[in-house]
Structures are given as C-alpha cells and as structure tokens.
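Just so you know, the protein sequences line up as chains A, B and C, in that order.
Heads up: the first sequence begins at 0 in numbering that gives the first Met the number 0, then just goes up one per residue.
Heads up: the second sequence begins at 0 in numbering that gives the first Met the number 0, then just goes up one per residue.
Heads up: the third sequence begins at 0 in numbering that gives the first Met the number 0, then just goes up one per residue.
Which residues of chain C face chain A? A partial, calculated answer using Cβ under 7 Å: (1) Gly103; (2) Leu105; (3) Pro111.
In case anyone wonders, no lab produced these hints; they're calculated from the structure.
Even glycine gets a Cβ: it sits at the ideal position worked out from N, Cα and C.
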Amino acid sequence: MIQETHFNVFILALLVAIPAWAIAVDEPFTVTLMTRAVIFAIAAVGLNIALGLGGLVSLGHAAFFGIGGYAMGILAFHQQTYAPIFEWPFVIEGTKSMPVIWLVAVVASSLAALVIGLLSLRTSGVYFIMITLAFGQMFFFYCIGWSAYGGEDGLSIYVRNGFPGLNTLDPIQFYAICFSILALVLWIVSALAKSSFGLALNAARQVPHRVETAGLNTKRIQLAAFVISGAITGLAGALFADLNRFVSPAMFSWQLSGEIIVFVVIGGVGRLFGPVVGALVFVALEHILGGLSEFWHIYLGLLLLLIVLFSHGGLIGMVCGRKAVHD
Amino acid sequence: MTFILVIEQILNGLQFGIMLFLMAAGLTLIFGVMGLINLAHGSLYMVGAFAAAAVAGLTGSFGLSLIAALAASALAGVIVETVVIRRLYNKDHLDQVLATFALILIFSEGTRWVFGSFPLFLEIPEYLSGPVSLPGGIQYPLYRLALIFAGLLVAAGLMLLIAKTRIGIQIRAGENDREMIAALGVDINKLYTLIFALGAALAGLAGALVGAIQSVQMGMGEPVLILAFVVIVIGGIGSIKGALIGSILVGLTDTLGSVFLPQLFGLFMDTAAATNIGSSLASMAIYILMGVVLIWRPTGLFGARG
Amino acid sequence: MTEIILATHGLTKTFGALKVSNNISIDLRPGEIHALIGPNGAGKSTLIAQICGTLTPAAGRVELMGKDVTHLSARKRSLAGLGRTFQISALAMEDTVLQNTVLGALGATGNPWFSLRPALKNHALRGVAEQALHRVGLQDVMSTRTAELSHGQRRQLEVAVALTLNPKAFIMDEPMAGLGSEGSKQLTELLDELRVEAPILLVEHDMDAVFALANRISVLVYGKIIATGTVDEIRANREVKEAYLGDEA
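Next up, chain A with everything else stripped away, as it sits in the complex (with noise of 0.2 Å):
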C-alpha cells in the first residue's frame, strides 16, 4: 500500500510531467486532452464536497456546470457582437475577461445552488436524488427554448477569452491557468475538509442527530457545502466552455451529471484527489477505448458495474487501502 499523501505527490507530478513532455514533442492534442481532464476534476472536486464529504448524491450538478458555461457564453457573445446584455435600468456590457467571467460563473452557479439546495434538503435520500436531478433537466430544457442564446444549438464564441498577461491561445498557457485552479480549489477543499465545518459536515453524514445535539444546524451546514460545491463546478463549466470555445445545452445534460459522479467514484468518494484521478482516468478511458471502438460506452458502463458490485473506495482505495484519520 502507497501512502496516500505520496500518491497525491504522484499524481500532481504526472498534471505537471504530461503537458510538458506533450510540448516537447509537439503533441498540442495530448495538451488540449489534459486540460479537458483537469477540468472535469474541478468539476468533480466540487461534487466530492457535497457527495463525498457531505453524502449529499446530486445527480444535477451538471446544471452548475452549464451555468457557469452559459455565463461565459453570453458575456463574451455580447462582447463579440458589440451588443449590451441589459441597456436599462443600466448599461452592462458584454466581457472577455477570464476573472470576471469566473467571478459571474462563481456567482450564478451559487445562487442556482442556493435555491436548489434549499428546496431538495427538505428530503434526503432517493428523494434528493430524483429533485436534483430534475431542476438539472429544467436548466437543459429552458436553454433548449432559449433562442436568444441559440436555443438548441448553442453558441460558438470566435475567440478564447483574455487573462492578463497571458496568451490564452497557447494550450499550454491555457492548461496553466486551468492547473492552478485546480491547484487552488483542492487547496481549498483540503483545508475546508479539516476545518470545523468539515468536521460538522463530514458527521453530519454519518449522524445528522448527533450533530443537532452537538448544537449545530444540521441543514445548514449541508446547504453551505452543496453552494460551495455548485460553486466550484459552476467554475469548471467556465473553463470548460474556454477550452471548447462553445456552448450548448448538452452542458446542462443529466449523462454529465452522472458522468461527474463517475469520475468521482473511479477514483475515490471522498478522497481529496479521487476527483482527479476519475477524470484524467475517464478522459484516458475516452480516449483510449473511444479510438477503438464507437460503442465504447458499453465498455464504460460494464466496467462502472464490476467497480460497484466488488471494489471498493475507487482506485485510491485500491492502492492506497483505507482513508487514514486525521489527527
């Protein structure tokens, strides 16, 4: 067994290590492929918050990831046709700044959560699977109906939004960016993880009651942990609209949805770097068996079912055997 800190080590060695040998050999493709990969991983990094520290199962969060798509796709659709998104009761304009598109994406996607979270942690269990699933659809289907926003087929945006003093044209530059969010967020999501609300949450999934009786808000800590997470993957689906430079409602498709909770569980509930190891794992999946076969999905759902019914703890589990404690 590898220790699991080491495995880390490992593994953010190998985001660093696979880009820069791609560039070395001039495989720009590899590049766009691992910025695909790390982008999943933020987004599957925010879910392990709500599913594996809170066992909260959002089968919607790809409605945060298209949120936060769709918000860069109609501020830098205003920007390219010159056209204001509100001339009254004040002007605002279209942008084509990374930063403040995130910063609209983060925003957005919390909001979404916030009502979405408020009303689905009313239930648990299958029912909150089932209600998140379904305001997940009703984001997929008002975009379809949204013709401003080119309803059914999406929008393309012509030129990859700015960040200052980059060129975000480079794949390399670009994987940079998308990297040290990545960075940043499991920095995030460790640290929140041994905090007090950490610990709040990650018992309030193992003994709500107890945590009431310990004087503590059961719910709302759930709700905090389910806007952060929303917020996250709303992050996610602003890069990932960068990197393909389009949005559409397929963005907002429940097989995102469960595809996110798939890279969570390849790799490990719960574990910090579960998220990435399920992404870069499903995109090499992707890659791999999609170059094989077209009807690689078969191949993907029966190896989905052979890791429920007889393994345990995802790949991390696997090599590096039980979650250690803390102390």
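Given the structure of chain A, go ahead and fit chains B and C onto it with the hints provided.
Okay, now just chains B and C, sitting in the frame of chain A:
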C-alpha cells in the same frame, strides 16, 4: 382560445399523464418495496418501444407488437434484476445510482449497436387511426383516446391487484415491514423479481404505446424517466394513487402550460416577447409545480414515509 | 425549596388510541440522579424524546432552568444546556474519538463558519474535548477510529461528547446497556461524580446500578408515572412491586 381547443388540450395532457403513470407506477413500487432507485427504468421503456417496432416491422400486427413489447421488457427486467439489481438492494443509494447509470449506458449503446442510430417508426394500426367525433363537435385522434382508456384500464387493474390479490398483500407488507414478509414465508427473491418484471412490463408497454406517436430511438427513455421522477416527488414514494394523481397533474401542467402560457402573456405584451417568456416559463412549469409541492409537503401528496 | 433544573408538567402524547405519555410530571434537582425505570414499552424513550425535543408533546410543558423550552428544537435545547447520550451509540464511526468529541464542543465553544483553520488545531476546542476525554478515561485512545472502540468505550465516549457542551442537566438513555460488569462499575463511578456538576435523568434497565446510584426513582408503567420516591420508598411500594418489580424486590 376556444372551448374546443381547451378540451383538446386537456385530453392531450391526460393522455401524456396516463403514459407517465405507466412509468411512474413501476418506479414507485420498486422504490417502495425494494428501496431501490432505478435509473435504468427508462431503458426498459426503450426496450419495449424497440421490441414493438421490430415485431411490427416483421409481422405488421399492432397487437403482436404490444405483446412483444410486454414480453421483451419483462424479460429484460427479469435478467437485469437477477444479474445486477439484486446485488444492489443492500447497497447505498450512490451505488444504486451508479450501477443503474451503467445499465443505461449498456442498454443505450447496445440498442444503437443493434438497431443503428436512425429512429424507427411504429405505425398506428388502421382500426385506431383517424379522428373520432366527441360530443360538442370535437374531433380527436382515436389513437390518443385509446391510450387514455388503455392507461386507465391498466391503472385500475394495478390498483385491484394491489388491493385484492395475494401478491398485492405481499407487496403492501413489503412496503411496510420487510422482515415481516420474510416471516410470512414469502420467497423474497421471487417477489422482488416479480415486482421488478411487472414494473418493467409497464414501462415497456408505455414505450410501445407512445412509440406509435413519436419516433422510436435511442435515449428516448431518459426524459420520460426524469418526468416520472418528478411525478413521484409530487405523488410521494411508494404510493400508486400518488403516482396516478401526480402523473395527471404533470401531464396537464406541461401540456396546458406550453399551449396557454404564451397566450396568457400575449394579453399584456407583444406577441414575440410573450411567446418567448411564455414558452420559457412553460418549460419550467412542472419543475415549479414540484418546487411548490416540496415547500408545502416535502414527502409528496401521498407520501407514506418521512 | 431547592431550585429545579429540569421539569415536565403534564406531558401527554398519544399515538392513535394509545396514550404513550399520560400526564407526566417529573423534575430534576441539583446534585441528584433521578432514575426513570419501567418495563419495556412503558414509554421511556418517547418521554426522553419529548424532553430532548425530537418529539412534540400533544399537551404539557418542558422547563429547563425555569424557562419553557417546549417549543424549542432539539438543537436549541442542547445549546440551552441539555446534555444527552443516546441509547444506540450515535457517533461518527469513521472519525476518531477526538474528532467526535471536538464535534460535540463545536456547538458551544466554537463556530463552524468562516474559518479554514483545522478544527483539531483549535486550542479552545481541543482543550474542552481532551478534558472531557480525560474525565471518562479515554485519553489513551484519542486517535483511534471510533469504529474500533469496544462497546463500553463507546458508551464512555457518548458521555464525553455530552460533557463538552457543559450541560446544566444530563439525559442518559440506558448508558449501561450491553456493558460488562467491569464497564458498568466504571461508568457507575463516573456518573456518581458527575451528578455534582449537573443532575442526571437516568433511564436504565440495570437495577443494581439504579439502586446504587439513584437519589430518587420514578416508575413509568403504560405511559404513567405510578410512583416517585427514594430507593427505599420505591422498594417498599406495593403498587410498584405488583406492576413491575414482581416478587424479586
């Protein structure tokens, strides 16, 4: 906005709701008795539709195609239950979600592999096609009317089954107390397989019946599945009555909303804006309905459990 | 008259036609252990649930330190000074002993919001938690995963977690259940000490412990308190003998 249009749309909503009921009934029974969340229920709907389309293509008989749909989806249900689902009853919800998500991938891609990506078409039989005249001079498609009656018939049959038969007693006992039912000497494995197959057959029947008015294609089941979830959240887990009332509410809200909301907004704004806002709101109407029910009654209108 | 810490006045609760709590009035005075005994199904757990706020009574009041808490949630009652141990251990099994105890301290001494500081590095929280663990004798297993504790140790941990809230009154639901004689003895000693800090309402089946510890005993039968008194009074009470203790007492 005429009286005839209103009646027509109400019938459309009713027809849509009744078909949703066929999905939701099986799901809610499986939740209620086995405590399982089955995302692959939409795949069984799809299996029914494809089986019907394939048999109709071979034989040209609508009746045979319905029988094929029932048989194929029930069989798929039995296989899935004994191979996979049975191992999930004692697992947590996350494992159930993942495993049944995996089943969707396998079913969907498997179907695409066998039948290809192009949609199939299932024709309405001669004797059920064309409009029929209703009192008040309303012309309404006979097939849709037949769907309403068939669905209501199934609903009545299902309620009788649960209220009056031995299996029904076992199902109700299973919903209330899992240990008691084992104590009664019932073979739990057999009962669970039976319930799962029953739910699967209902889903398959719905798929075949709806397949004749929409196209039969891969991925057709999941949107219906998610609507059925909305129905169950509204009606309450485990309640057949809740599923029926929830289905009809969702069917009517969705159908009437998409027709009348744009017109309603047209009363006080210009047509283009009204169509936009009205149809956006209509696409959200059932989820808003679900939200209202959640605020008012978190366990659904007829939910038994807290 | 001594000050009363915790009291119920005419608590009544019905499930259908069944009166599970029938006009129950008991109180808890400073420094005492007040034991609540009764046969299975007498309604002890339902009464505890109403006192702790997880069940709403149909009629009657619960007062803590003279304040009406009948309409407060379980959480608010904990913060108001009601320390509870659960009948079935309600501990986060994946977490360590220390983590469970720090969690207990969080509501009263800490604040879970707006800080990314590790909870276990918070000296105030950790101090309270470690002190509580010392009190119950679990200081040597602080970093052990709770799932690996023995049954008796878990009961001790339950008490430690309740201690962190620095409660005005303890409600203990069968703390001795499943303990061996050695464990029982240890816990008896601990409770004996604890009563000085805060009185204990003790629901217990272990009659030796009850008779050894209790200042007063109330006997609950079919949702009704049939007698309240000292150990000797209860032993001598004819009605209690018939209804509950049988011929053994």
